[in-house]
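Chemist: Read off the chains here:
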Amino acid sequence: MAADKSPLIHFTKFENIDLGNQLIESALTYKSNPLLDNTKGQGKRIGCIFLNPSLRTRVSTQLAALNLGMEPIVLNMDKEGWALELQDGAVMNRGTVEHIKDAAAVLGSYFDILAIRAFPSLTNKEEDMSDFTFSQFVKYSGVPVVSLESATRHPLQSLADQITIRENWSGKKKPKVVLTWGPHIKAIPHAVANSFAEWALGMDHDLTITHPSGYELDAEFTKGATIEYDQSKAIEGADFVYVKNWSSFNDYGKILSTDDSWMLTENHFANAKNAKVMHCLPVRRNLELSDEILDGSRSLVQQQAKNRIFAAQAVISHLLGNN
Amino acid sequence: MAADKSPLIHFTKFENIDLGNQLIESALTYKSNPLLDNTKGQGKRIGCIFLNPSLRTRVSTQLAALNLGMEPIVLNMDKEGWALELQDGAVMNRGTVEHIKDAAAVLGSYFDILAIRAFPSLTNKEEDMSDFTFSQFVKYSGVPVVSLESATRHPLQSLADQITIRENWSGKKKPKVVLTWGPHIKAIPHAVANSFAEWALGMDHDLTITHPSGYELDAEFTKGATIEYDQSKAIEGADFVYVKNWSSFNDYGKILSTDDSWMLTENHFANAKNAKVMHCLPVRRNLELSDEILDGSRSLVQQQAKNRIFAAQAVISHLLGNN
Amino acid sequence: MAADKSPLIHFTKFENIDLGNQLIESALTYKSNPLLDNTKGQGKRIGCIFLNPSLRTRVSTQLAALNLGMEPIVLNMDKEGWALELQDGAVMNRGTVEHIKDAAAVLGSYFDILAIRAFPSLTNKEEDMSDFTFSQFVKYSGVPVVSLESATRHPLQSLADQITIRENWSGKKKPKVVLTWGPHIKAIPHAVANSFAEWALGMDHDLTITHPSGYELDAEFTKGATIEYDQSKAIEGADFVYVKNWSSFNDYGKILSTDDSWMLTENHFANAKNAKVMHCLPVRRNLELSDEILDGSRSLVQQQAKNRIFAAQAVISHLLGNN
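Residue numbers (our numbering), protein chains in the order written: chain A, 1 to 323; chain B, 1 to 323; chain C, 1 to 323.
Just so you know, not all the hints are guaranteed correct.
Result set (EDC-like, lysine to aspartate or glutamate): computed pairs, CA atoms no more than 16 Å apart in a straight line [said to hold, decoys possible]:
1. C:Lys273 to C:Asp239
2. A:Lys306 to B:Asp295
3. A:Lys79 to C:Glu127
Computed far set for chain A versus chain B, every beta-carbon distance over 10 Å [claimed, not checked]:
4. Asn21
5. Ser60
6. Thr265
7. Pro282
8. Arg285
9. Asp291
The hints are simulated quantities; they were obtained by calculation from the structure and are not laboratory data. A quick note: this is a predicted structure, and the numbers were derived from the prediction, not measured. Every residue, glycine too, gets a C-beta built ideally from N, C-alpha and C.
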């Protein structure tokens, strides 16, 4: 484990294997003793800013902060009617009530750490790829920022996923990890899939990604993974199968297939008898994943959800530093 | 008073007179010293899940938890766009985003206690009578659950009502308690009326229920009460008159009458000079109850509302146990 | 500084210069040591009731309370579907679910201090001028009430503004303070402008108010100020220029002008080289105020926003008293 010598300023993505291991170990320590550092954040506050809905992410981040003695304040800006202007130089004579540069600077001056959720539009690919909204908060707030899912990544989810894999893998070899596309009826962002791939590769797993043709992810996140269009071939010998829907990246934000043969059932595991199944939740049952799998012994989904608390706790603790 | 030997797992309804007395006495102790046990819940969290709006229930539960040193986190799932799927085996290819079995299990793994509000549909009688939504939370969360009003009952309200009656009754005989239907313009659930009857009978009061014909409550809750269709006869000699609207149970969820002669005024108390008047709030003035009564000396409504804090505090403290 | 001998019961407006100075000094003390009195509010709770949206006001009040060890609970009554009846004697057979006299009394019995935001209608001038909604909370709650902006005033904003002026003024003479109207596309309340004038005059500044004809403020708030219709003449020699839109008071709630020459740019400061520019935020960039000013060295807007915390902290601490 690397010494904590150059702590992160922001937590927005996978950085390196040493920091990854350090955060996983820290999270597991907190899981066995959640209140271990319950005065570390005393007198400090984290502002949790949601531009999009959340259940697990919101509550797990609040609990993580409370475990550290830090006070969380939640702002559901999507629901509280506070439409932000994002364009530099805009003449604000329409619907937006405050420029992100002013709002972010105020929030940065109010909180010790900001945590931000900002989904992609799925219509403006370039803006989404640059994590435009999220980046504006980072740029103008002047304090450490934690991603609660940006347009391109969901690193707290991926850290929780890695904690879960660590808890369920005692083999000597690299685990074979498969990320499989699953059907959905709505156009879903790429963030969870991108991030999962980034972390699995970064943590040196043997990663295979499988999806229908046309669903290729941004190559930035998948370099080093095996891409296999045949789902059953991909799953062969898998130790972990991560199920997630995403919309097309090439034909940006479009739904190209809802082929329900991609939904995992026990039949898909003929050649991967011991494979565990993962999903970030919320899951649409019997659309993305069958009841059979979710309610069976392969499923790690509840363990992943629980680990969200300790992932957030490890990250916030890291950002608070060693003092 | 019974020794606290077999503590409740959930708080969803009236259990027995010993526990009733124990909770009333505990609440009165907390009322005189709210911070008496202000470390009992330290490091623990209660999740308050609202599938329907709330003011008193939400705030009084938060305050009760804070009085015990416990951290409350509120989730307004009705407003936060998190539509839950309730049907087992559903193919979730429509509006619902998460199955209650997944959401409840995650919330159960996040909190030490869950408190849930889930109103009836007033359209599906069978489902409402089985407290379907609420019961799913109990079934899948795996932690103690407090009812913040289910389809059939509102036990924290009824406990607060009983605390209020205790504070206002020093007679030797059983108090004569009257539950009277009052007019309303909307179809209102039966939960408060059911629960009030269940607790008044359980606490061995002399209960009379009066309402227009067609407004009979579910007999499960009224066995042992006198049913009297003549309101003025019912009120004769009353010590406490509890006013509440409810929709028809037989003609399920329908409004059969808005007869404003049922709205209590001073004239109704010719034969019950010392009767106190109760209502759970919110009250529609001059529709359910007259200004004259609400602003006069008969009214206990503010005392009931205040007692909501200590009712919740006694219950949460009980669920936290003796350690 | 005056001795704190007759503490306020409510904080709703400017009272006198001694209390003004006392609160400014207290706020500056808290700014240099926010956690100085972090047990003063222990076991006490402030209820923050919003009948209208808020970002800065909500968060700064929560932080102020937390700094004093007090627990804040936020109620967004505008969003939580709790329509209040305001008319005395109303027969509540329409949309309102609870009378303000009942809701205010319950909230008053739940909290040690209430903080209320209640905007004007901008349609009923007489009701707005009497601060009707806000006053009902004061009348019926029975506890100290802090204004989070009423129909006529925004005293926490004005206190924060005065703190900011104090920090930026070391001259011997009275500072020349200019309140200038700026353009906007929506009909905006008068509260910030009224309150700013009330406090600037009360704190004995040299106040000039400038606006297009027809935008005269209520004379109650401006007695003692110089009214100057020529904006460039008004700004001459200014030390502080406060920018704010408001709708017409005479032609109540109407927009009479959107003349963009009133939007301040560097050109407006030819005869006020060292003037600082203030705005309460949120600001509509390039409509009310130019990017050039907001992003330049004249701007105090972020400092004002930060001072909201310490203004609220000084006020809450004052209301908590000396014990």
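Chemist: Confirm or reject each hint.
Modeler: Here's how the hints hold up against the structure:
1. C:Lys273 to C:Asp239: Holds. Lys273 of chain C to Asp239 of chain C sits at ~9 Å (cutoff 16 Å).
2. A:Lys306 to B:Asp295: With a Cα-Cα distance of about 50 Å, the restraint between Lys306 of chain A and Asp295 of chain B is violated, given a limit of 16 Å.
3. A:Lys79 to C:Glu127: 29 Å, violated
4. Asn21: At roughly 25 Å from the nearest Cβ of chain B, Asn21 of chain A sits farther out than 10 Å, so the non-interface label holds.
5. Ser60: 7 Å, violated
6. Thr265: 13 Å, holds
7. Pro282: 4 Å, violated
8. Arg285: At about 5 Å from chain B, Arg285 of chain A fails to clear the 10 Å cut-off, so the statement is violated.
9. Asp291: 6 Å, violated
Violation of the numbered hints given earlier is confined to hints 2, 3, 5, 7, 8, 9; the remaining hints are satisfied by the structure.
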